[in-house]
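Colleague: Use the sequences and the hints to build the structure in full.
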Amino acid sequence: MFDDLRDLYQEVILDHGKNPRNFGKPDGFNRTARGDNPMCGDKITVYLTLGSDGRIADVRFDGRGCAISQASASLMTEMLKGKEPKEAEALFGAFHDMCTKDEEEWTDHGPLDEEAMDKLQVLSGVREFPMRVKCATLAWHTMNAALHGDPVASTENAGF
Amino acid sequence: MFDDLRDLYQEVILDHGKNPRNFGKPDGFNRTARGDNPMCGDKITVYLTLGSDGRIADVRFDGRGCAISQASASLMTEMLKGKEPKEAEALFGAFHDMCTKDEEEWTDHGPLDEEAMDKLQVLSGVREFPMRVKCATLAWHTMNAALHGDPVASTENAGF
Amino acid sequence: MTRPATLLSDAPVTSNAPYDVERVRQDFPILTRLVHERKGRPGKPLVYLDNAASAQKPRAVIDAMSGLLERDYANVHRGVHFLSQRSTDLYEATRDKVAKLLNAPSRENIVFTRNATEAFNLVAQSWGRTFLKTGDVVLLSYMEHHANIVPWQLLRDQTGIRIEVVPVLDDGSLDLDAYEKALKTLAVKLVAITHSSNVLGTVNPVRQMARLAHEHGATVLFDGSQAVVHRPVDVQAIDADLYVFTAHKLYGPTGIGVLYGKKAVLDAMPPYQGGGDMISTVTFEKTTFREAPYRFEAGTPPIIEGVGLGAAIDYVTALGLDAIQAHEQRLLAYATERLREIEGLRIIGTAPEKAAIISFTIDGIHPHDIGTFVDRAGVAVRVGRHCAEPLMDRFGVGATCRASFGLYNTEAEADALVEAVKATKAFFG
Amino acid sequence: MTRPATLLSDAPVTSNAPYDVERVRQDFPILTRLVHERKGRPGKPLVYLDNAASAQKPRAVIDAMSGLLERDYANVHRGVHFLSQRSTDLYEATRDKVAKLLNAPSRENIVFTRNATEAFNLVAQSWGRTFLKTGDVVLLSYMEHHANIVPWQLLRDQTGIRIEVVPVLDDGSLDLDAYEKALKTLAVKLVAITHSSNVLGTVNPVRQMARLAHEHGATVLFDGSQAVVHRPVDVQAIDADLYVFTAHKLYGPTGIGVLYGKKAVLDAMPPYQGGGDMISTVTFEKTTFREAPYRFEAGTPPIIEGVGLGAAIDYVTALGLDAIQAHEQRLLAYATERLREIEGLRIIGTAPEKAAIISFTIDGIHPHDIGTFVDRAGVAVRVGRHCAEPLMDRFGVGATCRASFGLYNTEAEADALVEAVKATKAFFG
Ligand SMILES: Cc1ncc(COP(=O)(O)O)c(C=O)c1O
Ligand SMILES: Cc1ncc(COP(=O)(O)O)c(C=O)c1O
Numbered sequence: 001m002f003d004d005l006r007d008l009y010q011e012v013i014l015d016h017g018k019n020p021r022n023f024g025k026p027d028g029f030n031r032t033a034r035g036d037n038p039m040c041g042d043k044i045t046v047y048l049t050l051g052s053d054g055r056i057a058d059v060r061f062d063g064r065g066c067a068i069s070q071a072s073a074s075l076m077t078e079m080l081k082g083k084e085p086k087e088a089e090a091l092f093g094a095f096h097d098m099c100t101k102d103e104e105e106w107t108d109h110g111p112l113d114e115e116a117m118d119k120l121q122v123l124s125g126v127r128e129f130p131m132r133v134k135c136a137t138l139a140w141h142t143m144n145a146a147l148h149g150d151p152v153a154s155t156e157n158a159g160f
Numbered sequence: 001m002f003d004d005l006r007d008l009y010q011e012v013i014l015d016h017g018k019n020p021r022n023f024g025k026p027d028g029f030n031r032t033a034r035g036d037n038p039m040c041g042d043k044i045t046v047y048l049t050l051g052s053d054g055r056i057a058d059v060r061f062d063g064r065g066c067a068i069s070q071a072s073a074s075l076m077t078e079m080l081k082g083k084e085p086k087e088a089e090a091l092f093g094a095f096h097d098m099c100t101k102d103e104e105e106w107t108d109h110g111p112l113d114e115e116a117m118d119k120l121q122v123l124s125g126v127r128e129f130p131m132r133v134k135c136a137t138l139a140w141h142t143m144n145a146a147l148h149g150d151p152v153a154s155t156e157n158a159g160f
Numbered sequence: 001m002t003r004p005a006t007l008l009s010d011a012p013v014t015s016n017a018p019y020d021v022e023r024v025r026q027d028f029p030i031l032t033r034l035v036h037e038r039k040g041r042p043g044k045p046l047v048y049l050d051n052a053a054s055a056q057k058p059r060a061v062i063d064a065m066s067g068l069l070e071r072d073y074a075n076v077h078r079g080v081h082f083l084s085q086r087s088t089d090l091y092e093a094t095r096d097k098v099a100k101l102l103n104a105p106s107r108e109n110i111v112f113t114r115n116a117t118e119a120f121n122l123v124a125q126s127w128g129r130t131f132l133k134t135g136d137v138v139l140l141s142y143m144e145h146h147a148n149i150v151p152w153q154l155l156r157d158q159t160g161i162r163i164e165v166v167p168v169l170d171d172g173s174l175d176l177d178a179y180e181k182a183l184k185t186l187a188v189k190l191v192a193i194t195h196s197s198n199v200l201g202t203v204n205p206v207r208q209m210a211r212l213a214h215e216h217g218a219t220v221l222f223d224g225s226q227a228v229v230h231r232p233v234d235v236q237a238i239d240a241d242l243y244v245f246t247a248h249k250l251y252g253p254t255g256i257g258v259l260y261g262k263k264a265v266l267d268a269m270p271p272y273q274g275g276g277d278m279i280s281t282v283t284f285e286k287t288t289f290r291e292a293p294y295r296f297e298a299g300t301p302p303i304i305e306g307v308g309l310g311a312a313i314d315y316v317t318a319l320g321l322d323a324i325q326a327h328e329q330r331l332l333a334y335a336t337e338r339l340r341e342i343e344g345l346r347i348i349g350t351a352p353e354k355a356a357i358i359s360f361t362i363d364g365i366h367p368h369d370i371g372t373f374v375d376r377a378g379v380a381v382r383v384g385r386h387c388a389e390p391l392m393d394r395f396g397v398g399a400t401c402r403a404s405f406g407l408y409n410t411e412a413e414a415d416a417l418v419e420a421v422k423a424t425k426a427f428f429g
Numbered sequence: 001m002t003r004p005a006t007l008l009s010d011a012p013v014t015s016n017a018p019y020d021v022e023r024v025r026q027d028f029p030i031l032t033r034l035v036h037e038r039k040g041r042p043g044k045p046l047v048y049l050d051n052a053a054s055a056q057k058p059r060a061v062i063d064a065m066s067g068l069l070e071r072d073y074a075n076v077h078r079g080v081h082f083l084s085q086r087s088t089d090l091y092e093a094t095r096d097k098v099a100k101l102l103n104a105p106s107r108e109n110i111v112f113t114r115n116a117t118e119a120f121n122l123v124a125q126s127w128g129r130t131f132l133k134t135g136d137v138v139l140l141s142y143m144e145h146h147a148n149i150v151p152w153q154l155l156r157d158q159t160g161i162r163i164e165v166v167p168v169l170d171d172g173s174l175d176l177d178a179y180e181k182a183l184k185t186l187a188v189k190l191v192a193i194t195h196s197s198n199v200l201g202t203v204n205p206v207r208q209m210a211r212l213a214h215e216h217g218a219t220v221l222f223d224g225s226q227a228v229v230h231r232p233v234d235v236q237a238i239d240a241d242l243y244v245f246t247a248h249k250l251y252g253p254t255g256i257g258v259l260y261g262k263k264a265v266l267d268a269m270p271p272y273q274g275g276g277d278m279i280s281t282v283t284f285e286k287t288t289f290r291e292a293p294y295r296f297e298a299g300t301p302p303i304i305e306g307v308g309l310g311a312a313i314d315y316v317t318a319l320g321l322d323a324i325q326a327h328e329q330r331l332l333a334y335a336t337e338r339l340r341e342i343e344g345l346r347i348i349g350t351a352p353e354k355a356a357i358i359s360f361t362i363d364g365i366h367p368h369d370i371g372t373f374v375d376r377a378g379v380a381v382r383v384g385r386h387c388a389e390p391l392m393d394r395f396g397v398g399a400t401c402r403a404s405f406g407l408y409n410t411e412a413e414a415d416a417l418v419e420a421v422k423a424t425k426a427f428f429g
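Residue numbers (full-length UniProt numbering), protein chains in the order written: chain V, 1 to 160; chain X, 1 to 160; chain P, 1 to 429; chain L, 1 to 429.
I should point out that these hints are in silico values taken from the structure, not numbers from a laboratory.
Note that CB positions come from ideal geometry on N, CA and C, so glycine has one too.
EDC-like mimics (lysine to aspartate or glutamate), calculated; alpha carbons at most 20 Å apart, straight line:
#	chain 1	residue 1	chain 2	residue 2
1	V	101	L	96
2	P	422	P	337
3	P	263	P	108
4	L	425	X	7
5	P	425	V	7
6	L	44	P	70
7	P	422	V	4
8	X	119	X	103
9	L	425	X	15
10	V	101	L	92
11	X	101	X	89
12	P	44	L	72
Stretch-level coverage of chain L by chain P, calculated; a stretch enters the list once three of its residues show a Cβ under 8 Å from a Cβ in chain P:
#	segment
13	275 to 282
14	302 to 314
Modeller: Quick look at the structure:
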């Protein structure tokens with residue numbers, strides 16, 4: 001019945017969805033933002049710790065959401081640790097392209113963590129599900145808002 | 001080309017339309033009202049003199065309008081002189097029925113001036129022209145408003 | 001009772017005849033379509049259970065709108081030419097039909113708006129700004145749609161009114177004790193509560209609520225958006241001062257909604273929007289306005305939409321709202337029972353009197369994921385907050401899955417929903 | 001340039017091809033109908049010259065709306081199911097089409113409203129209440145439609161703004177000297193003037209007017225209701241801050257209008273109406289709103305109407321607005337010349353730059369009577385004040401007769417008008 005949903009809901013996603021890594025509010029952090037997807041009721045909070053070297057020392061999140069958004073948030077936390085903010089942004093840009101555009105339309109976001117990009121491939125299935133793109137990108141929008149000092153991110157305003 | 005318009009625009013109407021009787025503001029009067037038909041831009045004013053016997057001693061009107069509304073006003077002024085207010089109202093009621101309803105639906109408005117009713121027959125052609133009913137009844141609405149002490153009458157609010 | 005013209009047989013059908021849902025379905029062209037067709041894979045038959053968001057349209061409505069445009073269209077009112085008269089007659093006839101549908105005393109009680117949302121904004125700005133002052137209480141409930149929340153918040157920011165909220169019991173019923181207490185203890189000037197909840201299905205005892213409100217001198221506004229579609233409604237029997245609904249949920253077009261108001265209430269309200277058609281005379285110094293309902297209808301009205309709504313009302317009244325209600329109640333009972341087979345499934349909203357709306361959640365699977373899965377099986381349900389975020393908070397859920405039934409739905413479609421949900425559960429293991 | 005799909009031939013037609021009005025007419029089902037048919041008497045072919053009130057709809061528009069309802073309809077936004085996505089895509093595509101039609105920088109500049117009238121009310125209440133204070137001047141003109149007068153009067157009553165009015169010259173041109181003087185001497189915060197008059201046809205020099213207004217720090221709002229239908233419009237070239245039009249005059253459906261706004265202008269405006277779809281999150285304490293344009297679109301949007309408007313834009317752009325303009329200008333010249341044959345006929349509005357609209361009066365015959373007569377000959381014109389009462393006063397007439405031409409009108413139809421008017425004159429002697 002659901003054959004073509006297996007592309008979207010791959011094992012990795014179901015696993016991260018059920019057992020999200022780096023879940024829960026940490027004791028200490030120095031950047032945070034709340035992300036809101038009014039479309040499905042998802043609300044997540046991302047907690048960032050920027051180290052004295054300017055790199056991301058820790059990322060955690062909490063909140064609830066669908067399998068896609070939880071998995072995306074969980075995967076994101078795993079791959080941002082140790083990155084410079086601008087590396088994180090580049091990864092977000094490339095990931096956003098992956099979720100929304102055909103490969104030939106991806107823009108150049110500078111040098112990327114290829115291993116991270118490979119892992120993020122599991123989420124690229126959302127491209128076939130336009131209504132689910134926001135689920136996949138919510139955590140990233142929120143992380144980006146936290147980096148820029150915005151308290152709230154909403155995917156709702158990013159297009160319709 | 002306009003054969004069936006001859007029922008609406010009979011000679012009497014064209015005559016009264018071109019040479020309205022009792023036209024122009026009188027020096028003295030004791031009741032007046034302004035009538036407004038926003039549909040076509042007609043504006044007329046009716047001036048009534050109620051005598052000490054309670055009867056209508058004089059009726060005049062001014063303002064502009066289409067042939068139908070001018071003729072209707074002119075005819076009205078000719079037939080109201082000497083009438084009691086409630087006779088005028090009865091005539092208005094019967095005339096309104098004539099312009100809007102099939103004969104079997106006319107309601108009883110009490111004893112009527114049959115001669116006046118005969119004359120008003122020339123206007124009964126508007127029944128076939130729903131959009132022109134207000135032209136035919138504007139002067140009467142306005143007269144009625146004057147009798148009741150309302151400064152303004154608008155046909156616009158009487159149905160759509 | 002006569003059946004709508006589009007039904008196939010010529011034989012007159014009385015309201016005692018059993019409700020023939022298969023014949024009704026033939027009136028709705030969209031119901032025969034397949035969804036998710038792809039090359040090499042056949043599509044799935046559409047199972048449309050998103051009626052509370054918007055209903056599908058019968059052939060009669062589609063044809064009434066096309067027919068108007070093919071034969072009789074022009075701008076309405078104030079035109080002397082043939083088409084303008086035709087168009088005006090067809091459009092204004094719907095005002096009579098709405099009056100009859102709601103048992104309003106007269107066509108003059110019926111104001112056409114853009115949708116239900118605009119009707120609430122109209123009341124808030126016109127009635128609210130005139131009759132409410134700082135500190136006056138508008139009494140809402142936790143089961144309101146955003147359309148009946150946000151306009152009052154905007155008014156609150158402008159004028160300092162107070163918003164108080166009647167709680168909802170665990171089964172999804174309105175807390176009537178709290179309602180009565182609020183009327184007794186607060187300066188309630190307006191009760192603005194839904195007749196039927198778009199999430200819980202709960203049908204509120206509006207007659208009793210209106211009586212209580214009137215005893216305490218409050219005006220009542222009911223949101224009938226989810227009520228008129230499922231049952232006969234009589235605004236005079238209810239004694240509603242103001243009543244709102246939206247055409248697109250009543251099998252009619254988008255772009256038109258209805259505000260019913262008692263004559264005295266409408267007459268006391270100043271205009272909302274200004275423009276053509278709602279004025280008597282205009283100069284730059286002074287403008288005078290027409291009487292209600294026309295005073296509230298500025299500019300070119302929703303002509304095509306009015307004609308479509310008229311056809312929709314003809315359609316549902318020909319089927320009979322009693323018959324529709326009976327059919328949907330059977331479906332509701334059946335679907336509820338079948339969904340209860342599924343372990344971990346929680347139905348939110350189990351009030352004794354309900355419209356055919358079932359909101360549910362499933363342990364461990366997010367509604368959004370359920371929505372995507374059942375959609376692939378051809379089943380259209382709505383997932384999310386249903387424009388009722390405070391209610392979601394009340395029940396401690398971020399979102400729900402909502403199946404809402406209409407006059408053309410069948411038990412087989414309820415089965416399809418249940419099977420799709422079961423398969424989804426199996427997938428997530 | 002490609003022709004609309006409904007045109008009969010498959011051969012591509014370039015914009016250099018002569019404008020084939022007979023083929024265009026075949027796209028409009030209503031144009032083949034007879035009016036005033038009665039038993040024993042054949043009807044008269046419809047000569048529809050009431051386009052400024054509302055235009056007829058091409059088959060492509062009718063089919064787009066029916067097609068949506070037969071195949072792809074559901075409520076838009078926030079739905080994960082197949083039909084909701086289809087419907088959303090079809091509806092939102094129109095935002096892009098409108099942006100392209102007006103050469104707006106982005107789809108985010110486009111707000112959908114109920115009609116032009118609502119767009120003015122939106123600007124008056126949202127922008128006006130935010131940026132105008134007591135004594136600030138809103139500069140209108142004597143040729144405004146009531147839709148661009150009454151909302152400002154309502155605002156004046158609420159906040160004490162001042163309304164000043166630019167005169168109209170005897171030929172129907174705007175008095176540009178007076179316009180410039182008003183900007184220099186008054187505290188003008190907003191210029192709200194029409195791009196093209198619905199009575200006089202006058203096309204105002206909006207580019208120059210915007211430049212002057214901006215030099216004096218005023219914001220400009222143009223009423224494009226009668227402009228977008230007759231010519232290409234480029235809001236960026238004009239440098240309009242706000243621009244309004246209504247779909248039903250552009251061969252699209254009723255129930256939808258457009259407000260274009262510069263991003264900075266829209267971003268600074270608070271919400272107008274509250275409800276679903278325009279919010280981010282709602283609690284009873286605090287609600288946050290979405291960005292423009294969505295913030296201004298409360299409740300279920302005009303979905304069917306949006307799809308119809310999209311088809312209308314496709315249709316007119318396929319024909320080419322340049323080509324339409326050229327065709328209509330030829331007609332205007334021809335009809336003007338022919339009407340001038342009639343003794344005692346006075347054309348009101350003879351500005352050098354005009355849209356194809358001719359208002360006239362005839363000595364000794366009231367426009368209303370003319371309207372009834374020409375209607376019997378099958379010719380639909382509008383008579384009355386055309387929702388522009390101050391302009392009627394300015395020209396000392398109670399009403400006019402107005403013939404307004406659209407993309408499907410012909411010289412033969414202008415002839416029919418002239419013959420009918422002549423016969424009317426003969427009747428009245
Ligand atoms: C110049 C002008 N502005 C505004 C309007 C109002 O349009 P609508 O009635 O669709 O709101 C019209 C048409 O009636 C018009 O001609
Ligand atoms: C109970 C209720 N009220 C109001 C509305 C608003 O209707 P609309 O979006 O047509 O204005 C809805 C539907 O969305 C509803 O379900």
